[in-house]
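**Q** Chains A, B and C, in that order, are what the protein sequence lines are.
At position 285 of the first sequence (counting the first as 1) the number is 285 in our numbering, and the numbers step up by one without a gap.
At position 63 of the second sequence (counting the first as 1) the number is 63 in our numbering, and the numbers step up by one without a gap.
At position 219 of the third sequence (counting the first as 1) the number is 219 in our numbering, and the numbers step up by one without a gap.
If you are wondering where the hints come from, they were derived from the structure by calculation, not from laboratory data.
Positions of the beta carbon are idealized from the N, C-alpha and C atoms, including for glycine.
Worth double-checking, as some hints may not be accurate.
One-sided excerpt, in silico: chain C residues whose CB lies under 10 angstroms from chain A [unchecked claim]:
(1) 80
(2) 81
(3) 394
(4) 395
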Amino acid sequence: MSVDVSSRRRKAAGQGKAAHVFLLPWLLGLVFITALPLVASLYLSFTNYNLMSEPMFIGWDNFIRMVGDPRFMSAVAVTLRYVLISVPLQLAFALLLAVILDRGLRGLSFYRGAFYLPSLLGASVAVAIVWKEVFGHDGFVNQLLGLFGVEAVSWLQDPSRALSTLIVLNVWTFGSPMIIFLAGLRQVPEELYEAAKVDGAGQVRRFWNITLPMITPIVFFNLVLQTIGSFQSFTQAHVISGGSGGPLDSTLFYTLYLYQQGFVGYKMGYASALAWVLLIFIGIVTAIHFLLAKYWVFYGDEN
Amino acid sequence: MRKHDSLRAGRRPGVRVGSIVKHVLLAGFLLLMLYPLIWMVVSSFKPGDTVLTDTSLIPSQVTFENYTSGWNALNEPFTLFFFNSLVVSIGSIVGNLVSCTLAAFALARLNFRGKRLYFAITLVSVMLPLHVLVVPQYIFFSSLGMVNTFFPLLLPKFLATDAFFVFLMVQFIRTIPRELDQAAWIDGAGPFRTFWSIILPLMTPALVTTTIFTFIWTWNDFFVPLIYLTSPKVYTLPVALSTLVDSETLDGIGTLFAMSVLSLVPVVLFFAFAQKHLVRGIATTGLK
Amino acid sequence: MNIDRRTFLAVSGLAGLGLGLAACGVKQPSSGGSNDVSLRYGWWGNTIRQRTYETAFETFTTDHPHVTVQPEFAEYAAFQERMTTQIAGRTAPDLFWIASAQVLSYYKAGIYHDDLDKIETLDLSNFTPEQLESFKIDGKLNTVPLAVTAPVVRFNETFLDEAGATLPDEASTGWSWDGLAEFLIDYTKDAPEGRVGIAHNAQQDLTFESWLRQHGQQLWNEEGTVGFDADGLGGWLEWWEKLRKAGATLSLSEQEGPGMDWALAGDKTLMTFGNANHIADHAKMFPDYTFQLRGMPVLPDAAAGYTFGFMNRLTIYSGIDPDLLADAGRFLSFNLNHEAMLTPTLSLGAPVSGKQLEAAFDVASADEQKMLRIVQHNNAQESKPRYEAPAGTGTWRDIMTRTIEEIVLGGMGVKEASQKMIEGIQDEIAQVS
Numbered sequence: 001m002s003v004d005v006s007s008r009r010r011k012a013a014g015q016g017k018a019a020h021v022f023l024l025p026w027l028l029g030l031v032f033i034t035a036l037p038l039v040a041s042l043y044l045s046f047t048n049y050n051l052m053s054e055p056m057f058i059g060w061d062n063f064i065r066m067v068g069d070p071r072f073m074s075a076v077a078v079t080l081r082y083v084l085i086s087v088p089l090q091l092a093f094a095l096l097l098a099v100i101l102d103r104g105l106r107g108l109s110f111y112r113g114a115f116y117l118p119s120l121l122g123a124s125v126a127v128a129i130v131w132k133e134v135f136g137h138d139g140f141v142n143q144l145l146g147l148f149g150v151e152a153v154s155w156l157q158d159p160s161r162a163l164s165t166l167i168v169l170n171v172w173t174f175g176s177p178m179i180i181f182l183a184g185l186r187q188v189p190e191e192l193y194e195a196a197k198v199d200g201a202g203q204v205r206r207f208w209n210i211t212l213p214m215i216t217p218i219v220f221f222n223l224v225l226q227t228i229g230s231f232q233s234f235t236q237a238h239v240i241s242g243g244s245g246g247p248l249d250s251t252l253f254y255t256l257y258l259y260q261q262g263f264v265g266y267k268m269g270y271a272s273a274l275a276w277v278l279l280i281f282i283g284i285v286t287a288i289h290f291l292l293a294k295y296w297v298f299y300g301d302e303n
Numbered sequence: 001m002r003k004h005d006s007l008r009a010g011r012r013p014g015v016r017v018g019s020i021v022k023h024v025l026l027a028g029f030l031l032l033m034l035y036p037l038i039w040m041v042v043s044s045f046k047p048g049d050t051v052l053t054d055t056s057l058i059p060s061q062v063t064f065e066n067y068t069s070g071w072n073a074l075n076e077p078f079t080l081f082f083f084n085s086l087v088v089s090i091g092s093i094v095g096n097l098v099s100c101t102l103a104a105f106a107l108a109r110l111n112f113r114g115k116r117l118y119f120a121i122t123l124v125s126v127m128l129p130l131h132v133l134v135v136p137q138y139i140f141f142s143s144l145g146m147v148n149t150f151f152p153l154l155l156p157k158f159l160a161t162d163a164f165f166v167f168l169m170v171q172f173i174r175t176i177p178r179e180l181d182q183a184a185w186i187d188g189a190g191p192f193r194t195f196w197s198i199i200l201p202l203m204t205p206a207l208v209t210t211t212i213f214t215f216i217w218t219w220n221d222f223f224v225p226l227i228y229l230t231s232p233k234v235y236t237l238p239v240a241l242s243t244l245v246d247s248e249t250l251d252g253i254g255t256l257f258a259m260s261v262l263s264l265v266p267v268v269l270f271f272a273f274a275q276k277h278l279v280r281g282i283a284t285t286g287l288k
Numbered sequence: 001m002n003i004d005r006r007t008f009l010a011v012s013g014l015a016g017l018g019l020g021l022a023a024c025g026v027k028q029p030s031s032g033g034s035n036d037v038s039l040r041y042g043w044w045g046n047t048i049r050q051r052t053y054e055t056a057f058e059t060f061t062t063d064h065p066h067v068t069v070q071p072e073f074a075e076y077a078a079f080q081e082r083m084t085t086q087i088a089g090r091t092a093p094d095l096f097w098i099a100s101a102q103v104l105s106y107y108k109a110g111i112y113h114d115d116l117d118k119i120e121t122l123d124l125s126n127f128t129p130e131q132l133e134s135f136k137i138d139g140k141l142n143t144v145p146l147a148v149t150a151p152v153v154r155f156n157e158t159f160l161d162e163a164g165a166t167l168p169d170e171a172s173t174g175w176s177w178d179g180l181a182e183f184l185i186d187y188t189k190d191a192p193e194g195r196v197g198i199a200h201n202a203q204q205d206l207t208f209e210s211w212l213r214q215h216g217q218q219l220w221n222e223e224g225t226v227g228f229d230a231d232g233l234g235g236w237l238e239w240w241e242k243l244r245k246a247g248a249t250l251s252l253s254e255q256e257g258p259g260m261d262w263a264l265a266g267d268k269t270l271m272t273f274g275n276a277n278h279i280a281d282h283a284k285m286f287p288d289y290t291f292q293l294r295g296m297p298v299l300p301d302a303a304a305g306y307t308f309g310f311m312n313r314l315t316i317y318s319g320i321d322p323d324l325l326a327d328a329g330r331f332l333s334f335n336l337n338h339e340a341m342l343t344p345t346l347s348l349g350a351p352v353s354g355k356q357l358e359a360a361f362d363v364a365s366a367d368e369q370k371m372l373r374i375v376q377h378n379n380a381q382e383s384k385p386r387y388e389a390p391a392g393t394g395t396w397r398d399i400m401t402r403t404i405e406e407i408v409l410g411g412m413g414v415k416e417a418s419q420k421m422i423e424g425i426q427d428e429i430a431q432v433s
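Produce the entire structure from the sequences given, and follow the hints as far as they go.
**A** Structure representation (structure tokens):
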């Protein structure tokens with residue numbers, strides 16, 4: 001479609017104004033709800049702030065302290081491990097189930113709802129107690145292992161295993177990315193599949209050559225947001241470890257450490273510094289995601 | 001080869017066995033997945049003090065006492081908390097649908113200076129942990145005298161601060177071919193008409209997804225309602241539920257399970273209802 | 001730019017509706033006459049406690065109809081989280097309970113109403129002058145205790161009878177730390193499968209404090225730093241290690257962590273250390289057993305004045321509207337002196353004033369009376385002063401939990417772990433000063 005230069009410029013100028021009307025609520029939100037607190041927290045990261053008196057400026061001290069803080073290092077290690085293992089695992093499950101459920105399966109609605117149920121519970125207060133029962137000393141998992149003659153194992157109190165229970169919990173709640181994958185699969189035009197069937201392509205080939213490329217924007221979305229979300233994972237570790245990040249800091253997620261410093265230790269300045277380090281790190285990871293996206297994400301709106 | 005034949009020919013014994021196997025495997029996996037939930041539901045019918053000590057799936061005693069004692073637990077009937085949660089959730093859905101679609105359309109379709117920057121800032125706002133933003137936000141809202149109301153919970157939704165949905169919608173819009181927009185533009189439609197008549201209808205899966213997730217996340221949101229809502233009369237469900245169990249005595253777990261089961265019911269129903277609307281690609285009809 | 005007017009209005013209408021919904025939930029109390037007053041009261045616990053308190057408050061509002069008490073109640077951890085933001089935003093309730101780890105931090109932040117004794121409507125006559133002195137922080141009466149509790153040994157009498165055993169006589173030297181350890185190890189040897197002498201409870205802070213005080217040390221000192229050294233702490237941890245290695249304690253896995261889960265430990269242990277006020281709730285979880293309370297084991301040459309009481313304090317917010325002060329004083333008085341408050345207070349501990357303590361026996365359950373007797377006994381002893389946790393020590397219990405994990409799960413030596421814990425706490429204190 002060719003449009004002449006001047007009308008394109010007119011269009012761009014008109015679109016600029018329109019864009020700002022569309023974006024007005026978002027801009028207001030950005031300034032008052034997001035940006036101001038963002039800037040405030042940046043300032044706080046250079047201060048000593050115990051929430052009760054005025055913040056005291058201390059320069060780079062918080063960041064210097066981070067470098068020598070062994071618990072900070074633990075938190076980083078734990079969080080990295082968690083993200084690197086649970087995100088791909090969870091997304092793989094989500095995609096697998098979505099693909100299976102997307103083919104006119106009888107009882108599709110039922111299965112879709114049923115597989116989503118764990119995600120509903122996953123963020124609730126009751127989940128910790130339930131999970132403790134599942135992985136507890138006399139819990140479901142140990143009983144199951146007992147059926148196979150394997151001796152009961154300490155899951156939640158063993159520093160080398162406690163994190164795995166949280167990884168399993170994250171994978172267990174694959175419902176959200178699964179729903180998004182399902183929505184994305186729905187948007188793949190039927191004609192493409194039919195054309196391929198006529199050409200004799202089998203199920204797997206159709207998946208690789210049609211489905212996967214067409215849903216790459218959705219895969220990308222899920223990948224980026226699940227990664228960001230996992231870096232910020234808090235509730236589950238907090239509730240299941242009783243707020244301690246134990247045993248021996250093996251479930252000390254980064255945001256849990258941040259929370260301990262800010263809300264329990266009343267060191268909001270240090271907590272803010274931790275938050276900004278996390279933000280920068282996530283930013284870098286996300287930027288890498290976006291850079292690499294060029295090589296594998298296919299958008300329908302590109303000419 | 002046989003697989004292709006059976007696909008083209010349709011029903012054949014091979015297919016039926018295959019589909020039975022599939023169902024069995026799926027059902028088995030489902031049972032495994034749902035065990036914790038099943039356990040919770042079953043436990044809610046066990047007498048309160050045996051909930052943790054009796055780990056079997058078949059209760060030795062069945063009782064409704066957890067439900068009856070939990071209903072009036074906080075000196076208010078639990079319907080009050082349901083209502084509060086409903087107000088917050090539905091309000092959030094409306095807010096997100098209105099503000100995020102507008103913002104996403106602008107970011108995905110309109111060309112203007114600073115587009116990339118705005119998009120980047122949106123993403124950045126997702127990356128900062130909640131606990132650090134909460135204190136400045138709280139100070140902001142409390143200085144406006146909005147504590148103990150739903151305002152701090154709902155206002156951000158109307159200002160598209162849920163960048164997750166903005167990004168989701170941007171990604172969905174980008175799968176819609178630009179030819180449709182340009183066809184509309186040729187016909188003389190401005191940005192708003194394009195948005196309203198062309199893009200919005202094609203975004204139904206994204207809208208449904210947004211609705212579902214907003215509902216579920218706000219329904220389960222604990223920390224933000226906790227700090228803004230101080231009077232139990234305006235508590236939402238998660239805050240009310242948290243008071244059922246005292247971390248010291250661990251008393252009341254049966255009640256917690258019972259009321260948690262009850263508070264899951266609306267979400268499950270909502271989801272069951274809403275997911276039917278994740279309909280097959282309307283995008284295809286647009287190409288004709 | 002063509003925006004269809006109708007659709008734009010429709011969209012704005014929706015947005016307006018939403019914001020209208022937002023205004024819902026504004027439950028400001030309706031003040032009828034100009035005399036009507038509303039007091040915000042913040043406290044924590046579980047639903048049972050909430051109900052007993054609110055029932056008691058009705059007595060107050062019947063006597064003072066112009067006052068409405070607005071409850072701001074939440075579970076303990078949730079309450080602290082909310083309190084944190086409320087302090088930052090200067091929106092704390094008019095009266096509120098104080099978490100023990102924050103008593104001095106809050107004082108430093110200036111959120112207590114100093115000179116509660118100057119409030120005319122607050123009746124403090126039930127307290128002795130010595131008691132009032134002991135409440136003071138920095139010479140000012142700015143908090144008052146609602147209840148007092150003490151560390152106790154809680155043992156399962158049913159199990160004891162089953163084994164045909166008796167505890168060493170309390171008055172004898174057999175009721176010492178070493179004596180108790182021997183007893184527990186012996187008991188476990190002959191106990192039925194799965195049952196041990198004691199839950200692993202090294203992080204029971206009040207018991208730990210008792211140990212320290214008996215050894216001539218303290219938890220916190222007057223200067224606002226750690227009041228114990230590596231020997232004091234190390235001795236305590238060693239005592240536990242001896243028991244654990246002899247198999248007399250539950251494994252951390254069996255009790256789900258150093259912070260013992262009573263639901264799991266209750267029917268596997270003969271005894272546990274705990275707070276005196278927990279017996280009522282904990283005993284209910286195992287109705288088939290009878291539990292009894294005892295005071296701490298006593299070191300043969302225990303330092304004088306080692307007994308102590310742990311106070312649950314509450315205060316009036318320094319930022320309270322001055323017009324509310326008189327009624328806040330009345331309400332505080334009610335909390336401390338009125339007989340309707342006896343039942344709610346018992347969930348926290350024993351009333352502090354002698355008169356209330358006596359009266360409490362009439363309304364207390366059998367288990368609660370056991371608690372009252374222990375507190376009465378403690379009250380009769382001479383006690384050295386006790387200092388609250390200094391600012392910055394909010395996480396000290398977590399540090400202790402980690403220390404225990406490092407010893408039990410990580411194999412660290414007791415001496416090294418003790419040193420590390422003390423340094424950790426001192427670091428925390430240093431960071432806020």
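**Q** State for each hint whether it applies.
**A** Tested hints:
| no. | hint | verdict |
| --- | --- | --- |
| 1 | 80 | holds (8 angstroms) |
| 2 | 81 | holds (6 angstroms) |
| 3 | 394 | holds (5 angstroms) |
| 4 | 395 | holds (5 angstroms) |
Going down the numbered hints, you'll see the structure goes against none, and every one checks out.
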